[in-house]
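For reference, the chains in residue letters:
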Amino acid sequence: MGSYILSLSPMAKHPYRTRELGVDIYTAEELCYYIYHNFVVVDDEFISRELFEFLEDELKLVDHVAHIRKYIEDKPSMELTLLFILREFRFYNETELHEFQIRYEEFKRNGTAMRRLLKADFLLEHGYVLGALNMYHYFDYAKKDLTLQPDFIFKVRQHMAVAYIRLGLNTEAMEAFKSAWQEQQNEEILKQIYRFSLFSGVPMPQEIAQALDAVKEQQWRAEFEEAKTQAYLLASTGSTAAIFTKDAVRRKELLDEYIGRKKKEYRKAIL
Amino acid sequence: MDGLLIGFDLCDTYTQVCVYDEETAEPVVIPLSDPEVAQFGDIPTVVCKCRRRDEWRIGSDGFKTALESDGIMVDKLIRLSRKSGVATLEDVTYRASELLEIFIRKVLGLVSEKYDHAPIRKLVFTLRVLDARIIECILDTAKKFGLSEDQVQIIGHAEAYMYFLMSQKPEVYANIASLFELSEEGLTYMECRVMRGMKPQIVRINAERLEEGFDLGILENAQGKRLADNIICSCAERLLAKKIISSVCLAGKGFEHVDQWGVKALPVICNRRKAFYEGPLFAKGAVYLALDTLRETSAYPYMCVCDGRLASNVSINMQVNGLARQVKLVSAGTRWYQAGSELEFYIDDMDSVDLNIQAIDQMQSRTVKVDLDNFPVRPKRATRVKMSLSCPSESLLKLKIEDMGFGTMFPATDACVEREIPL
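Protein sequences appear in the order of chains A and B.
Per the numbering used here, the first sequence starts with residue 1, numbered consecutively.
Per the numbering used here, the second sequence starts with residue 1, numbered consecutively.
Source of the hints: derived by calculation from the structure; they are not laboratory data.
Using N, Cα and C, we set each Cβ at its ideal position, and we do this for glycine too.
A portion of the hints provided could be inaccurate.
Simulated crosslink set (DMTMM-like; lysine to aspartate or glutamate; CA at most 25 angstroms straight-line) [unchecked claim]: (1) Lys380(B) / Glu125(A); (2) Lys169(B) / Asp292(B); (3) Lys114(B) / Glu171(B); (4) Lys386(B) / Glu20(A); (5) Lys380(B) / Asp24(A); (6) Lys252(A) / Glu226(A); (7) Lys380(B) / Glu253(A).
Stretch-level coverage of chain B by chain A, calculated; a stretch enters the list once three of its residues show a Cβ under 8 angstroms from a Cβ in chain A [said to hold, decoys possible]: (8) 49-61; (9) 123-134; (10) 200-207; (11) 357-363; (12) 381-392.
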C-alpha cells in the first residue's frame, strides 16, 4: 500500500451529520474514519436513507452506494455491513480491516449492559458528556431487568460522577460517588472521593469520612497539594500565559482563538 | 473550410503571417507589407503613433510615418514586453503589452480585410522565446479580438519547425534534420531527431543560439558577404560534421540571397543531403498545427521534446481505489504554459510528499522530497491535502501543497508549502 491515498471525490458542499456524535462528514474517507474509530457508538440506525442520499447526491458515489444497497438486501449483521462499507471505499487496507474486525468482535462478546457502558464511556471520553450521562442513567431503570452485579453498578456510578464533575455539578457528582461507595468500598474510590472533596469543597458524606484514617488523610492531602502546585505551575507557564507575551495584535488574535476553542469545547460538552 | 487557419510568427524585429490555402493544401504567405521591401511577407514588428491624432500604424507603414516625422515609432515590442517596459508617446505612457496588443490587432485586422472579413477558425502564434508575459498578452489580445481560448495556440519556434518538418516527405527527416536561421535577431541552429522504437515516437529538437550571429548589414558589401560566407561555412562544418543528416533547411531573412554570397558555405551545407530555403518556415509550421487541430486524430503522433515543451514526467506513487498506482501529474511533451494539475489526497503516515521526476531520455527517475514542515501532527490518514502544480517555464515546476484538514474531526489549518523544483 502506498503512503498517499487518492481522494474518491471532491468534498461535499453540504455535509452529513452523524446522529451519534454530531460529526459533520464531508467525504467518503471521513465516513470510513468515523466508522473505524467510533464503531462503539454506531448502531443499526446508522445505515439510513440520509446517509445513502449524501453519498449519492453530494459525493456522486452512485456505483459504490449501489454495491452497498445490494449487499444489505440480505440483511447482514451490523459488523459485516460496516466492514463492507469500509471495504467498498478502500480507505483501509486488509490488515487494518482485520484489526477492525477483531476489535468489533471483542466489543460484541460483551453483554448488552457492558456494551452500553462502553458506549457511555466512549461518549464521555470524547466530550459528549450529556449523552454519556443519559446512558449511565439508563442503568437506574434497567438495574433489575439486567440483573447487574454490584461491581458493574460501582463502575457506572463512578463514571457517572466523573461526568457530573465535567459538567461542574459537584453535588450530583458527590451523590454518584456515594452510590458507588455503597456498591463497593475500596481504597481507590475512597481516595477519589477525598480528593474530589478537597478540590470542589463539597464535604464527604459522613459514612465515607468515617472510613478514612488520619495517616491516609495526611498522605493524600500532601499528594493533593503537590498536584495542585504542579497544575498551577503548568497553567501559568503554559500556552495561556504565553499569549500575554505577544504584541497587542497577535495577543488579540490568540485570545480570540483561545476563547473560540473554549466555546467549542463547551458546546461539545453540552451537546 | 469554414474560416481562416492562420500561422502568426511574432518576432522582435519582424512578423510573418501565413494562411492555409485550400486549393493548394499548403500554407501561403500573406504579403501585408510592401512586397518590394519584404519578399516573404515580413512585417516589421513596430507600432507608430501618428502625431496629434489617435491613429496607429504598423510595419513598414509605421516606419514610413516615423521617417516623415508624422509619428513616433516604438520597436522591439517583444523585448520591451518581456521586461514589462513602457513607452511615452505624446505625454501618454503606454505599457509595452498595450503596444503589442495594438500591433497584433492591426495585423489581424489586415488579414481579415484581405480575406473579405472571413472569420478566424484557428490562430497559432509562434514565438522565438515562450515568455509568460507575452503569452498572457497574446491570449488577452485574441480574446479582445473575439477569439475563444481554444481557437488560439502559442508555440515556440522549435515546435513550429517540427510541424513544418513533419509535414514534408519522410526522407527529409529520415535521419537528422538541421536548420540554420539567420535573421536580425541572430543565428540559430536547430537539430531534429525522431527517436524511433518508442511509443509514441519522440521527436527531439535541440535549438542553439550561435554566438557567431552577425548584423545583416554586412551583407550589403562584398567584403561583408565574404565574412558572412566564412562564418556560416565554419558553423556548418562544425555542426554538421560526423552526423548523418537528411536535410538542411535555411530560414530567415539573412539567407534570402544566400545563393549570391554563400560560395563556400553552400557546398558544405548541400553535401550529399537535401537543402532548401524556406523564408516563413515558422509561420508555415504554425499553420500546419492549426490544420492539425481540426483533425479527429492528429497527423503528428509524436511526443515533441523541444524548447517550450517539458522534457520530464512528474508523478507520484499512491493508492488509487486500493491499488498501488503511479499517478502522472505532469507529462513530458506538454507545453509548459499548459502544464499543470491539481490533486487531493490523504497522507497515510508520511511527513513529506515524494514526487518522481523522470527525464524522457533517462531510464532512472529521481525522487524529490517535499517536507510538510509546518503541517499539524494528526493521526494516520487524517490529513487531506490539495496539491497544485504548474510550470512557470520548461525547466521549472512550481508546487503548492495546502492542508485541507479532515472535516470537522480535524479542521483545516492555513499550513501550506510552496516549492520550486528544477526539472
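Inset, instruction - Mind taking a look at whether chain A covers the stretch 381-392 of chain B? Criterion is 3 or more residues with CB to CB distance under 8 angstroms. - result: Answer holds; 3 residues pass the 8 angstroms Cβ test.
Inset, instruction - Quickly compare the C-alpha distance for Lys380(B) and Asp24(A) to 25 angstroms and report which way the hint goes. - result: 19 angstroms, holds
Inset, instruction - Sort out whether Glu125(A) lies within 25 angstroms of Lys380(B), counting only the CA atoms. - result: The given pair, whose Cα atoms are some 20 angstroms apart, holds under the 25 angstroms limit.
Legend entry - Proximity test - 8 angstroms, beta-carbon atoms, the stretch 200-207 of chain B to chain A, at least three hits: Not satisfied, violated; 0 residues make the cut.
Inset, instruction - Count the residues of the stretch 49-61 of chain B whose CB lies closer than 8 angstroms to any CB of chain A, then report whether that count reaches three. - result: violated (count 0)
Inset, instruction - Check whether three or more residues of the stretch 357-363 of chain B sit with their beta carbon closer than 8 angstroms to a beta carbon of chain A. - result: violated (count 0)
Inset, instruction - Decide if the proposed pair is consistent with the structure: Lys114(B) and Glu171(B), CA atoms, cutoff 25 angstroms inclusive. - result: 36 angstroms, violated
Inset, instruction - Mind checking the alpha carbons of Lys386(B) and Glu20(A) for me, to see if they're no more than 25 angstroms apart? - result: Not satisfied, since the Cα-Cα distance of roughly 30 angstroms exceeds 25 angstroms.
Inset, instruction - Would you mind confirming whether the straight-line C-alpha gap from Lys380(B) to Glu253(A) stays at or under 25 angstroms? - result: 30 angstroms, violated
Legend entry - Restraint check for Lys169(B) with Asp292(B), where alpha carbons must lie at most 25 angstroms apart: The hint holds at about 17 angstroms.
Inset, instruction - Count the residues of the stretch 123-134 of chain B whose CB lies closer than 8 angstroms to any CB of chain A, then report whether that count reaches three. - result: Answer violated; 0 residues pass the 8 angstroms Cβ test.
Inset, instruction - Would you check the hint for Lys252(A) and Glu226(A), treating anything up to 25 angstroms between C-alpha atoms as holding? - result: 33 angstroms, violated
Figure legend: structure checked against the earlier numbered hints; hints not met, in rising order: 3, 4, 6, 7, 8, 9, 10 and 11.
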